[in-house]
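Read top to bottom, the protein sequences are chains P and G.
Counting in the working numbering, the first sequence runs from 2 upward without gaps.
Counting in the working numbering, the second sequence runs from 2 upward without gaps.
Treat the hints loosely; a few may be bogus.
What the hints assert, rightly or not - One-sided and incomplete, this derived list gives chain P residues near chain G with beta-carbon spacing under 8 Å: (1) V35; (2) L78; (3) C81; (4) G83; (5) P105; (6) R161; (7) A171; (8) A217; (9) Y229; (10) I315; (11) R319; (12) P320; (13) R324; (14) I377; (15) I401.
FYI, nobody ran anything at the bench for these hints, they're computed from the structure.
We put the CB at the ideal spot given by N, CA and C, even for glycine.
So you can see what is in the structure, the chains are spelled out below.
Number of protein chains: 2
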Amino acid sequence: MSRFLNIVPVADAVATVLRISPGLMTETVPVESVAGRILAADVTADTDIPGFDRSVVDGYAVRAADTAGAGEAIPALLHCTGWISMGRQDTKLAVGPGTCAYIPTGGVLPAGADAVVMVEYTEEAADTVLVKKAVSHSENVLLRNEDFKQGETVFSSGRRISPQDAGVLAACGCAAVTVAKKPVVGIISTGNELVPVTAVPEPGQVRDANASMLAAYLMEYGCIPRVYGIIADEREAFEAILARAVPECDVVLLSGGSSKDDRDMTAAVIATMGTVLVHGIAIAPGKPTIIGRIAEKPVFGLPGHPASAFVVLIAIVRPLLDRMLGISRPIQRTARATLTINIPSQRGREEYVRVRVEKGVATPLFGKSGLLNTLIRSDGLICIPAGSEGLEQGSMVEVILW
Amino acid sequence: MSRFLNIVPVADAVATVLRISPGLMTETVPVESVAGRILAADVTADTDIPGFDRSVVDGYAVRAADTAGAGEAIPALLHCTGWISMGRQDTKLAVGPGTCAYIPTGGVLPAGADAVVMVEYTEEAADTVLVKKAVSHSENVLLRNEDFKQGETVFSSGRRISPQDAGVLAACGCAAVTVAKKPVVGIISTGNELVPVTAVPEPGQVRDANASMLAAYLMEYGCIPRVYGIIADEREAFEAILARAVPECDVVLLSGGSSKDDRDMTAAVIATMGTVLVHGIAIAPGKPTIIGRIAEKPVFGLPGHPASAFVVLIAIVRPLLDRMLGISRPIQRTARATLTINIPSQRGREEYVRVRVEKGVATPLFGKSGLLNTLIRSDGLICIPAGSEGLEQGSMVEVILW
């Protein structure tokens, strides 16, 4: 192995992961449990929504013309001919000139009526209703297909399904929703310095933080993490675990080892079992990242430190997940903020800086890159492009929110 | 039942739900699956992190003084006395004046050394290392307990656990994490106009959209939704389903019926089986909301239309969930944006307006409140306080993001 890495730009690394991305796989899930999934097919309205002219208030169905000029002082007097029932169309009931019918919210507007007066603006006196406010045509009525027309595309494939989307999918009759299958992502921890979370580290040892961080990230991103534990820094152990993980997963992340030996071992084993495509990316932190492929499956060697691994996860692994999930519009949350101070940066590498964000103002958290405390005390990252020598105080930046 | 509701301000409704909130329940979950859960106990570092002076780069451990004045033209010449192994403290190896030792990223700084020179700034010639850059004291070294001191509080209870938090919890030795138990929330759909998602609505009927929307929201918010289906608008059916749901759930949401009859039935049944505390809130949309209590469990009657139910969910139900989950800082995402136009509002009620947000600019989506399409085409809500007559064009607003 060479002492120095052959560094590629972030754009090239991303192009590589997109090129080796497994295709989109789909499955159907019940609409009640579709939250956060990615729609994998367009959805059209199978009927008009609403399917009938519908009152949006409790009140009286009227002919708008009959209320012209009506007010508190001179109410319109209408003869009430009946009550509309919920859930069905009353074909016998019709509203003629000078008459009205009581209608509940959601009721079908009866024949002859073209508007609804809210009950708050009426008064009943036996069969007569005093209307104290004029209404215009179709006021307080949701017209047939005003929301969605039958056959209209309501959602496009690639959308992350929000709770409201789930409601509208139900309204469109999608009891079973076609969504992207959750990619199974294997997490293998490597590095002789690593000990399990349950152990008390001896001098020189650190607990495996990456596995839990990666598992949590992948779970929130809509994947199924599969944690394989800590593997001894021996070639046979690496090969054995990869031989097991690659067939069981769609993507494999090797993570945890921070030493060059460990990274070299990772690269050597990937090269033996498959191909190393990238070893070294012009990104800070995260330079010593490996992208490879074994049996058509993407395999990553992530940097050992959690803060570096996280940046690589966001900048390099996420585009792969987006492709596998068929995401059409980035689901990464971002916010615009004004930078409090100048941040100088080294040209030639994309640099990610942790920031706090408060009321639209982003303050960089400096400190050694290996610190965990700035990782949990920050609100997100800002990216300084490779071509830039830094960002200026007062400039508007896009913060990649945690 | 009275024809008009006894409307209470939003603040009173929220105070009521907080008063009847069940207490926080906790459980422990493995750190690998802790994503998105709410921490229910403070977490302290059980050891110093790192537990030793740790190199953050691959390079040579040196005495900083030995590199003073070193540069590309006149490198410092140091005698390399050995290699540091990963994962253990090499007690025999020490760096004396004029010497250095190879150290991998994550290695323990040997006795005598006080800094690390990156390998990129060195050259090897047999046992001699040419150092071409001066380093200062502790440069490229993470000092013992520089990240967290043993006994230091790393996380406070009530925090929503991010992926990075999960990593740091692992680093702190939290293999099992004490988190808030997920509240079980029952969802009962009511209203004679409702048909299941699988049915094709007849005139007057609508599909039950609320159940799927509520289930998705609750799932994303960290609750366990339990969907009971559509209940016929009969007193016996209401009582039977509540008698089943109340013992099975921590909170029950009755939703779906939009007519006054349906709401009256809901209120009457809650009053019979328990207490109605609020019937009518000064909120738009969402006025005809019911808050009650059966067998010490909060029971809500939500408005029938999904758009209204969603506003009540965010404004009234969410504070209850926050209390039950012990959330210390709101987890509702918000963004600041500039309003494009004036929005007039009626004093005396808190009004929620759907907006699109693009590049820091919020544009209200007007249209009838009963529309679903503005619900899915908007990015969030802005709230106009009850005391305000509206919001002015150009003002900075806080958008409650979907």
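Hints that the structure is at odds with (numbers, increasing) = Checked against the structure, the hints that fail are numbers 2, 3, 4, 6, 9, 10, 11, 12, 13, 15, while the rest are satisfied.
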